[in-house]
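Asker: Sequence:
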Amino acid sequence: LAERRPKELLRPSVLANLLRYLRSGGAPCKERVCHVLLRVLPHATLRDVDFDWARFGSLEAIVEWHEELYERQRVPPLLPAGSQAMLDLLVDLRERLRAEGLPLWEAALPYLDEIAELSSLSKWLLLPPGSGAEPPP
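Going by the numbering used here, the letters in the sequence shown line up with residues 18 to 154, in that order.
Since the hints were derived computationally from the structure, they do not count as laboratory data. Even for Gly, the Cβ is constructed at its ideal location relative to N, Cα and C. Worth double-checking, as some hints may not be accurate.
[Unchecked claim] Derived pair list, reagent style EDC-like, types lysine to aspartate or glutamate, alpha-carbon separation capped at 16 Å: (1) K140 / E123; (2) K24 / E48; (3) K24 / D65; (4) K140 / E85; (5) K140 / E112; (6) K24 / D67.
[To be verified] Each pair of labels, with its calculated beta carbon distance range: (7) W141 / Q90: 33 to 39 Å; (8) P120 / R21: 18 to 24 Å; (9) A124 / L86: 18 to 24 Å; (10) A98 / L143: 31 to 37 Å.
Hey, can you work out the whole structure from these sequences and the hints?
Answerer: Shown next as structure tokens:
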């Protein structure tokens, strides 16, 4: 579905249900859902999708909770796969919103904008020479 009909996954009702799934505590396939969304987002112009993208900001609380838990337990700072996938989705989404000139939600994670900026710059640096792409703002 992500490859053959990505626009179906970008319907507001589908996005709202996927977001609800990602926020639920016992959802077993959060990582897969994030990866599907990461594959679908490049097929969209976000401004043309009738969805409040700031709603995805609610996922920051889950990532932040895992970070705080790991700090208290003094374990290596690797997030669980689902939370890492959510962080990747948030970074990509913020990067896309910024590129399209759309408003960003106020980030709860103090480093989220820096990661998105670094991600955007890294992608630009990996482009082949002569691609003509402008560096990110």
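Asker: It remains to establish, for every hint, whether it holds in the given structure.
Answerer: Comparing the hints with the structure gives:
1. The suggested pairing of K140 with E123 is violated, with an alpha-carbon distance near 24 Å, which exceeds 16 Å.
2. A C-alpha spacing of about 20 Å is found between K24 and E48, which places the hinted pair above 16 Å, so the restraint is violated.
3. Between K24 and D65 the alpha-carbon distance is near 11 Å, which keeps this suggested pair within the 16 Å criterion.
4. Between K140 and E85, the direct Cα distance comes to roughly 29 Å. Violation of the 16 Å bound is thereby established for this hinted pair.
5. Using a Cα cut-off of 16 Å, the hinted pair K140 and E112 holds, with the two alpha carbons roughly 11 Å apart.
6. The hinted pair formed by K24 and D67 meets the criterion: a straight-line CA distance of about 12 Å does not exceed 16 Å.
7. About 37 Å separates the C-beta atoms of W141 and Q90, a value consistent with the hinted range of 33 to 39 Å.
8. Against the hinted window of 18 to 24 Å, the Cβ-Cβ separation of P120 and R21 comes to about 31 Å, which falls outside the hint.
9. A hinted range of 18 to 24 Å for the beta carbons of A124 and L86 is consistent with their spacing of about 20 Å.
10. For A98 and L143, the hinted distance range of 31 to 37 Å is not satisfied, since their beta carbons lie about 24 Å from each other.
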